[in-house]
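S.K.: Line by line, the protein sequences give chains U and R.
So for the first sequence, this note's numbering puts the first residue at 392; every next one is plus one.
So for the second sequence, this note's numbering puts the first residue at 58; every next one is plus one.
Simulated from the structure, these hints should not be mistaken for laboratory data.
Quick caveat: nothing in here was measured; it's all calculated off a predicted structure.
Every residue gets a Cβ at the ideal spot worked out from N, C-alpha and C, and that includes glycine.
Just so you know, not all the hints are guaranteed correct.
To be verified - The calculated label-pair distances, taken between Cβ atoms and stated as ranges, are:
no., chain 1, residue 1, chain 2, residue 2, range
1, R, PRO261, U, THR515, 15 to 23 Å
2, R, ASP289, U, GLY591, 22 to 30 Å
3, R, ASP289, U, ALA699, 22 to 30 Å
4, U, ARG612, R, SER288, 55 to 63 Å
5, U, GLY551, R, LEU78, 31 to 39 Å
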Amino acid sequence: MTTPTLTTAPPDTTPSRRRPKRARRRGTLIAWAFLAPALVLFLYFKFIPMFEGLRMSFFEIRYAGDRFVGLDNYGRILTDDAFTAAIWHSVLLAVGTTVGSLLLGLVLALLIEGPARYLWFVRTAAFLPVVTTMAVVAEVWRIMYHPADTGMINAILGWGGLDPQPFLASEDTSLLSIMGMSVWRGTPYDMMIFLAGLVGVDRTLYEAAAVDGASTWHRLRHITLPALRPVFWILFTLAAIRGLRVFVEVYVLTNGGPNGSSEVLMTLIYKLGFQKGELGIASAGGILLFLATLLLTVLVQVIRRRQAA
Amino acid sequence: MMRFDTALGLEARRGPIATTLKFLVYAAMVVVFTGPLVGLLVSAFSRTLDPTSFSLWPDGFTFDNFVKAADKNVYDYLLNSFVVVGFGLLLQMCVSVFAAYALARKRFRGMTFVMLIMLATMMLPEEIIAIPLSLVLSDLPLLNVDLIGTYAGMILPVGAWGFSILVMTEFMKEVPVELEEAARIDGAGELRTFFTIILPLCRPALGVIGVFGFTMIWDQYLLPLIVAPQSDMWTLPIALRSLRSDEEVGIGVLLAASLLALLPSIIAFLAFQRQFMRGLTSGAVKG
Chain U
392 MTTPTLTTAP
402 PDTTPSRRRP
412 KRARRRGTLI
422 AWAFLAPALV
432 LFLYFKFIPM
442 FEGLRMSFFE
452 IRYAGDRFVG
462 LDNYGRILTD
472 DAFTAAIWHS
482 VLLAVGTTVG
492 SLLLGLVLAL
502 LIEGPARYLW
512 FVRTAAFLPV
522 VTTMAVVAEV
532 WRIMYHPADT
542 GMINAILGWG
552 GLDPQPFLAS
562 EDTSLLSIMG
572 MSVWRGTPYD
582 MMIFLAGLVG
592 VDRTLYEAAA
602 VDGASTWHRL
612 RHITLPALRP
622 VFWILFTLAA
632 IRGLRVFVEV
642 YVLTNGGPNG
652 SSEVLMTLIY
662 KLGFQKGELG
672 IASAGGILLF
682 LATLLLTVLV
692 QVIRRRQAA
Chain R
58 MMRFDTALGL
68 EARRGPIATT
78 LKFLVYAAMV
88 VVFTGPLVGL
98 LVSAFSRTLD
108 PTSFSLWPDG
118 FTFDNFVKAA
128 DKNVYDYLLN
138 SFVVVGFGLL
148 LQMCVSVFAA
158 YALARKRFRG
168 MTFVMLIMLA
178 TMMLPEEIIA
188 IPLSLVLSDL
198 PLLNVDLIGT
208 YAGMILPVGA
218 WGFSILVMTE
228 FMKEVPVELE
238 EAARIDGAGE
248 LRTFFTIILP
258 LCRPALGVIG
268 VFGFTMIWDQ
278 YLLPLIVAPQ
288 SDMWTLPIAL
298 RSLRSDEEVG
308 IGVLLAASLL
318 ALLPSIIAFL
328 AFQRQFMRGL
338 TSGAVKG
């Protein structure tokens, strides 16, 4: 078990005749002592809130005293128009952002694969959006999305002879505009992970394929893409979960507007919890979101196992 | 014989048309991904600002926006941000290093359970527990302390981070056991071995968890939003929203403040690029 320690006898452990046992117990004690800060912080700021959220989701929370309402909160969420719309928007945003960043990330990774020095520069530059603070990115894009023809993106569209778009200001385009910004920020991340995956592809397979006279497309289709499959699933899971729980982007860009057209689950939960004081319903929404992310992760794991088998 | 170092074999194509096309693609990538950030940089120092858009060409260089920012308490928000990220990161790194030491170097009862706890916290997105967390923070169970409106309320919840602990654990497993045993034979105690043998060998990993922790804490939004209801405790990212619609100063102050909120994470990334990429790939690929 533990490596025997040759340090001087510890003064605090329980006395025991047999040395190995004492040493082992001492090792366990030390291990838990080193883990204690992390465990206490996790307990207070992750697990207690989690269980408190679960409890609250079954109650109507009032100053006078909480009232048990069973599954009413969940029922109200699933039948409420605002909530179902928000769930739908969250899913749309998650799907759009995930697919967009994965595809773009893969294409860009293939384009800039290689050891050249200037490629390293392109990579570093392209990666900057990932490390920038979300709130700043959102403010910058809000300005760029300005609906008048003086707005930056509209000016660029104008060069191409396109009409100015309302972007965030219209019910029809608000969600798409948020998606555009999220893809911009998510693509470089996916690109970088794909690049790391590409490094692991067996080079001798490329040469063998070349000897057999395979085209670039065939090489891509039968060697590169299958090799990237595990990376793809990880990125898919990460992006989908991030998409479902999106908050800052929407909160800063539109705060759910105009007219609720870009309201997502988290902004609605935030409004219900902190502005309307509907803590029970807001908690139930959080639990549903948690179940959705859990389901998604398990589903992806199952698909991966199937594919591997 | 052609060489096949990359999937598309673009490196091998060297004709004038191929080269031009390649460089057009690369230039487009750089412009698209850095353009908005460069625009922010230029406009923050620009004199006359169109309130609706920003310019990629500087229109008179000025520090005006940064001077006016002082009237809007931007530097107080920046200071709050630095206090939170400074103490938060210090706490987070200490907690991670201690926990990783136990997980990597000790074998003890309950270890699988602890690993499960770590993974569970990484699975649980913090957005989801925001509402109950605000209640827990306003009245900590057993301790009955109210952390709303305090720095501690923004620092303690980021103190333990599963990602950081796991990266550190993986790294510590690589440190040879012989070194530790040698130190023990020399009579070094547990803490001494930890601080003089293990920790110095883990310096590269400290860089990784340092730069990731920094970006993670600097990027916190929902947490300060629920902890700091009064503007005197705001961090810079959540203060940006309030600087938006100012009739007299336009978007100048907003841009200056945005730039100030952006620079630390960009600098941290550029300075610790190698560590960043390393943590990125190890975190995601091992997943």
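S.K.: Are the hints correct? Go through all of them and say.
M.R.: Hint check results:
1. As the Cβ distance of PRO261/R to THR515/U is approximately 20 Å, the hint placing it in 15 to 23 Å holds.
2. At roughly 51 Å, the beta carbons of ASP289/R and GLY591/U sit outside the given window of 22 to 30 Å.
3. Taking the beta carbon of each, ASP289/R and ALA699/U are about 55 Å apart, not inside 22 to 30 Å as hinted.
4. Between ARG612/U and SER288/R the Cβ separation comes to about 56 Å, which falls inside the hinted range of 55 to 63 Å.
5. Checked against the given bound of 31 to 39 Å, the beta carbons of GLY551/U and LEU78/R, roughly 20 Å apart, lie outside it.
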